[in-house]
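Line order of the protein sequences matches chains A and B. Residues in the first sequence are numbered consecutively from 1, following the working numbering. Residues in the second sequence are numbered consecutively from 1, following the working numbering.
Take these hints with a grain of salt, some might be off.
[To be verified] Here are the computed lysine-lysine pairs in the BS3-like style, where the Cα-Cα straight-line distance is at most 30 Å: (1) Lys291/A with Lys351/A; (2) Lys291/A with Lys367/B; (3) Lys87/B with Lys151/B; (4) Lys138/B with Lys291/A; (5) Lys235/A with Lys98/A; (6) Lys307/A with Lys368/A; (7) Lys351/A with Lys332/A; (8) Lys187/A with Lys176/A; (9) Lys305/A with Lys332/A; (10) Lys151/B with Lys264/B; (11) Lys99/A with Lys177/A; (12) Lys307/A with Lys421/B; (13) Lys421/B with Lys322/B; (14) Lys272/B with Lys99/A; (15) Lys291/A with Lys321/A; (16) Lys235/A with Lys291/A; (17) Lys339/B with Lys87/B; (18) Lys339/B with Lys322/B; (19) Lys151/B with Lys98/A; (20) Lys305/A with Lys272/B; (21) Lys305/A with Lys151/B; (22) Lys33/A with Lys235/A; (23) Lys307/A with Lys332/A; (24) Lys98/A with Lys87/B.
Worth flagging that the hints you see were computed from the coordinates, not collected in a lab.
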Amino acid sequence: MTTTTTTTTTTTSKLRPLYQRPVLETPFYSSYKHLIQNDQYEEWGGYTTLVSFACEGQEYFSVRNSCGVYDLSPMLKYRISGPDAERYLNRLVTRDVKKMLPDRVVYCVWCDDNGHIIEDGTLFKFSETEFRLCCAEHQIEWLLDSAIGYEVDIEEVTTDIASLAVQGPVSCNVLKKMGFSGVENLKPFQLATFSLPGFEVMVSRTGFTGDLGYELWVDASHAAPLWEALFVAGKSRGIRMIGSAALDMLRIEAGLIMVEVEFMSCFHTVRHLRERNPFELGLHWLVDFEKGPFTGRQALIEAGKNKPKRRLIGLDIDWNKQADGALIYDSKDCSTQIGEISSALWSPVLKQNIALAFLDAPFYEGNKAMWAEVYMHRECQWERQVFECRVTPKPFYSPQRKTLTPPADL
Amino acid sequence: MQQNFNTIIIGGGHNGLTCAAYLARAGHSVLVLEAASQIGGAARSRTIAEGSQVFPAAHLLHSMPEKIVNELQLEQNGLQFAAKHIKTVSLNSNGAVIVIANNQAAGDQLTAGDIEGYGRFYRDMQRFSKALVPVFDKVAPELAIESWRQKLDLLGFGWTIRKLGKFHMREFLRIIGMNLYDLMDEYIENPQLKAAIAMDALLGSEWGARSMGSVLTYLYRQAGELRNQTGIALPCGGMGAVSLAIAQSAQQSGAEIRCNSAVKNIIIDSGKAVGVELETGERILAETIVSNADPKHTFLTLVNPDHLGTNFVRQVNNLRSKGKAGKLHLALSQQPEFKGLDNSLLGERLVIAPSMDDIELAFNPSKYRRYPEAPIMEIILPSVSDDSLCQNGQQLLSAVVQYLPYDDSVDEDENRADMLKVLIGQLEQYAPGISELIIAAELLTPRDIEREFGISGGHWHHVELVFESFMFNRPTPLLTRHATPIGSLFLCGAGCHPGGNVMGIAGRNAAQQVLRGGK
Chain A
1 MTTTTTTTTT TTSKLRPLYQ RPVLETPFYS SYKHLIQNDQ YEEWGGYTTL VSFACEGQEY
61 FSVRNSCGVY DLSPMLKYRI SGPDAERYLN RLVTRDVKKM LPDRVVYCVW CDDNGHIIED
121 GTLFKFSETE FRLCCAEHQI EWLLDSAIGY EVDIEEVTTD IASLAVQGPV SCNVLKKMGF
181 SGVENLKPFQ LATFSLPGFE VMVSRTGFTG DLGYELWVDA SHAAPLWEAL FVAGKSRGIR
241 MIGSAALDML RIEAGLIMVE VEFMSCFHTV RHLRERNPFE LGLHWLVDFE KGPFTGRQAL
301 IEAGKNKPKR RLIGLDIDWN KQADGALIYD SKDCSTQIGE ISSALWSPVL KQNIALAFLD
361 APFYEGNKAM WAEVYMHREC QWERQVFECR VTPKPFYSPQ RKTLTPPADL
Chain B
1 MQQNFNTIII GGGHNGLTCA AYLARAGHSV LVLEAASQIG GAARSRTIAE GSQVFPAAHL
61 LHSMPEKIVN ELQLEQNGLQ FAAKHIKTVS LNSNGAVIVI ANNQAAGDQL TAGDIEGYGR
121 FYRDMQRFSK ALVPVFDKVA PELAIESWRQ KLDLLGFGWT IRKLGKFHMR EFLRIIGMNL
181 YDLMDEYIEN PQLKAAIAMD ALLGSEWGAR SMGSVLTYLY RQAGELRNQT GIALPCGGMG
241 AVSLAIAQSA QQSGAEIRCN SAVKNIIIDS GKAVGVELET GERILAETIV SNADPKHTFL
301 TLVNPDHLGT NFVRQVNNLR SKGKAGKLHL ALSQQPEFKG LDNSLLGERL VIAPSMDDIE
361 LAFNPSKYRR YPEAPIMEII LPSVSDDSLC QNGQQLLSAV VQYLPYDDSV DEDENRADML
421 KVLIGQLEQY APGISELIIA AELLTPRDIE REFGISGGHW HHVELVFESF MFNRPTPLLT
481 RHATPIGSLF LCGAGCHPGG NVMGIAGRNA AQQVLRGGK
């Protein structure tokens, strides 16, 4: 076994010693900091990220109507290479990695021996011996321990690579204007490399918004010229930086789950039975029992024998009050709790009150009526209301352009 | 490709052979595959100089229960003892000698307080060791108990602890996590006596007398010794004779034993072990595979990691299995003379550990992967009791030497030669003139032991006997009751409960679990 980790400090924060700057800035920060109007930050993976730049509503609509750009750089990135890379990954994740073609990306989850989800993420395949795994939380320890017995190199490259998500109906057009000719032929989950003066840009047709969109990946040293080129090309197309608040609205409409919101990594749960398996999250399509052994397989076979005790579903709730954290009951008098909401949104594009919710068996199946108990803080006073709701299919919003190849040239 | 066997046992150590014997007696067709040219594992004999037999790992039998000796009819199969109830004799370079036999300690420099204190210590430790006996013979119960059998086993253990009475139960719970260094201060003053007693807790261990849990390992060894009528004993022909007797018993019941048959990997199909592939490429199939190899070798070498979860591999990889016991063998031209030692005591177990501080000083450098300046030793001269071991009036000296670090980052061969000089120099202080008697000398470091016996880390007990690898956690929480995450694959070596020393219980219990289908 050969395993390597590299830790390099980001090149953008040399101003003060690290202990005085506990939160790092991404390689794009200096490019977009002049756009920050309202000082709403949150920490992600040791980096400062923007909750919103100016107005989360405008940022949201930029993705649905034109082009929004999200700074993905804090995303954890691991280079997995070596003769056993494919075999290693096939044991790590629940999907069949052998089925992947080169220059493709797949969404995947990985579990511990008990079949409990550790994390979800995207896996990029460059060749049979060269992959990249991207996810939201640190995984190096698990990845290294999983490498015992394999000839594989695991290297954390988070700080080496800068990335931007370019999402929205005109995103393809903006990239073409940057000179990425042929980018329109990229199918969903396909990747290709394009050139800008002096450096290369990897483009994958991936995203977290449920819309047409791409993600751009460059060496961190090329972050500033990439941002410049992108925003010059997108200026006439209403391009706009977006923060995590808008991204959260977008991903809820797309029915996409988020770690620490829809599920806790089983490494972080303290309470018994708070771990989640893929079936409970509706990710059974990611679990391939036919592919041979993988970590958690035996436990998942056992878990798969019965219907899950709870499952993540989409809810459509009456009225227009966003039902954040609401408990779900089987009757209007709220006598028996049958579930709870993990993410809620009054969807601007659908004009519908939607939520991702966990419902106990058997309520996640069928068309039983149920009620959400919503608490609202109105002028310094809490009010409680009960709204009827019903299970509705996910994704809530899925425009045709999301998968259309080539997309309309707007 | 052939399938002739119900069970294949990987490794012909004493536990593998014991398991084979029990399974064969239950009607299984059993094949034992041993990598070396002879069976016995750490309990075997070989020559060091012409006409001199040594036992390169274990050199005394003290923990094999009467039950196994009788059930496998080992005496009918050739197990004889050259010496039984061997005493412990502590040597000193100043000639002070202490003789310990059961509850008696004798020596000119011992005070009445020391002798009385030792008597009390012995009595208390016997009481507590007996409380451990119920868990010793049985397969360790799980923490989340499903079966009634396990519930009864755990209740039985609880009951023997409770039966100690309120005072002694509290005392048991007080001392069980303590270190021997502190505990003996409560009983005895004489430093040499304390050190001689402490040796029993430390032989084969990675840790010193002042380390956590040394009381537990002491009680553990005592509990082992409680279960036979021979005490510390030397088999005729050496430790190899024990393995040969077990092998003969197994063969009589129909087991087949093949030497020079190193297993390359375990063949797994749909999560179930179905056979083994030998280094020669030969594949042999069986319904059940039992591994006498240590857990690390079994799961990190013999099993393709594709079939194992990361949590499991992580636990196995983190097992503490770096041995610190070396083995010194000297072929001598005649009997040596030790300072202050009457020749009638030459056949006893001689201990070089002048004080508890000397034990700690021998231990300390090993923490930093360095060799001690004055190692502690357990010495026997087996040829004094068994003259068949040597010819031409030669004598054999066999010593367990602690603490020699396991360090694979350095080339050990140079260190080995230096260490051998240190050891002979040290022996010279206790037995002046001994270096002139040496015909042949050999020092086995933990790395040599790893190479010679295929034990990962060269650890005698396969896995350190400590709380974290004790009972239902031995060797790891995911590997208890001899079953493994691979269907039809069982463990039967010293890495399993109760583990360690030449005992045979792990082999016997593994056979029981195989017959019960792992339940």
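Does lysine 339/B pair with lysine 87/B here, judged by a C-alpha cut-off of 30 Å? 18 Å, holds
Run the distance test for lysine 99/A versus lysine 177/A: straight-line Cα separation, threshold 30 Å. 34 Å, violated
Pairwise hint evaluation, lysine 151/B against lysine 305/A, where the allowed Cα distance is 30 Å at most: Given pair lysine 305/A, lysine 151/B holds - Cα atoms ~28 Å apart, limit 30 Å.
Between the alpha carbons of lysine 305/A and lysine 332/A, is the straight-line distance 30 Å or under? Roughly 33 Å separates the two Cα atoms, so the pair is violated.
Straight-line Cα separation of lysine 307/A and lysine 368/A no greater than 30 Å? Holds, because 18 Å separates the two Cα atoms, which is no more than 30 Å.
For the pair supplied as a hint, lysine 307/A and lysine 332/A, confirm whether the alpha-carbon distance does not exceed 30 Å. 27 Å, holds
Please verify whether lysine 235/A and lysine 291/A have alpha carbons no more than 30 Å apart. The given pair, whose Cα atoms are some 47 Å apart, is violated under the 30 Å limit.
Tell me if the straight-line CA distance from lysine 305/A to lysine 272/B falls inside 30 Å. The hint holds at about 20 Å.
CA of lysine 421/B to CA of lysine 322/B, is that 30 Å or under? 24 Å, holds
Quick one, are lysine 98/A and lysine 87/B close enough, alpha carbons at most 30 Å? Measuring from Cα to Cα gives roughly 64 Å; hence the hint is violated.
What's the verdict on lysine 235/A and lysine 98/A, does the C-alpha distance respect the 30 Å limit or exceed it? 42 Å, violated
30 Å Cα cutoff - pair lysine 307/A, lysine 421/B: Answer violated: lysine 307/A to lysine 421/B is near 69 Å, above 30 Å.
When held up to the earlier numbered hints, the structure conflicts with 1, 2, 3, 4, 5, 9, 10, 11, 12, 15, 16, 18, 19, 24 and fits the remainder.
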